[in-house]
Amino acid sequence: MRITVKDASILIDLAEGDLLGLWFQLKVDTHTTDLVLREVKQETQWARVSAFVDAGLLQSHTSDAASILGMATFTESNGISLPDASGVLLARELEAVLLTGDRRMRLSAEAVEIETHGLL
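Per the working numbering, numbering through the sequence shown is continuous, rising by one, with the last residue being 123.
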């Protein structure tokens, strides 16, 4: 089974298009981080996304103090946000494909040899 890590832009796009259910029908092992989930702020989007977190289909990884320090270093050297760094580093840890719509995030992931794709 293929493992993917999603960033907020992908989650929001799938929620807005009411496509999350279809995504999970693909049976792809899907992960994200608590910092990425905090970026899903619109109530209707959060309602759609959180249903899949609650069902255990979208696995959320919690950031601890040590991992945040590593993320901060990665953030500074790559010019990306802390939530974006958390996604890149999780993809590296899980040897997963990173799904992102963010150019800087994609470039920083590719620089550390992480396979990346957009939504389509």
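Please keep in mind that the hints were generated in silico from the structure rather than gathered at the bench. Quick caveat: nothing in here was measured; it's all calculated off a predicted structure. Heads up, some of the hints might be wrong.
Restraint-style ranges between C-beta atoms, simulated for each label pair [stated by the list, open to error]:
no., residue 1, residue 2, range
1, Thr-76, Gln-28, 30 to 40 Å
2, Glu-79, Leu-29, 31 to 41 Å
3, Gly-20, Val-56, 12 to 22 Å
4, Gln-45, Glu-116, 17 to 27 Å
5, Gly-104, Ser-63, 13 to 23 Å
6, Arg-107, Arg-41, 16 to 26 Å
7, Glu-19, Arg-106, 33 to 43 Å
8, Ser-80, Ala-50, 34 to 44 Å
9, Gly-20, Ala-58, 10 to 20 Å
10, Val-31, Thr-65, 13 to 23 Å
11, Ser-63, Gly-20, 29 to 39 Å
12, Asp-37, Thr-76, 13 to 23 Å
13, Glu-46, Glu-116, 14 to 24 Å
14, Val-56, Leu-122, 14 to 24 Å
Virtual Cβ for every residue (Gly too), placed ideally from N, Cα, C.
| Can you list which hints this structure breaks, lowest number first? | Hints 4, 7, 11, 13 contradicted; others consistent.
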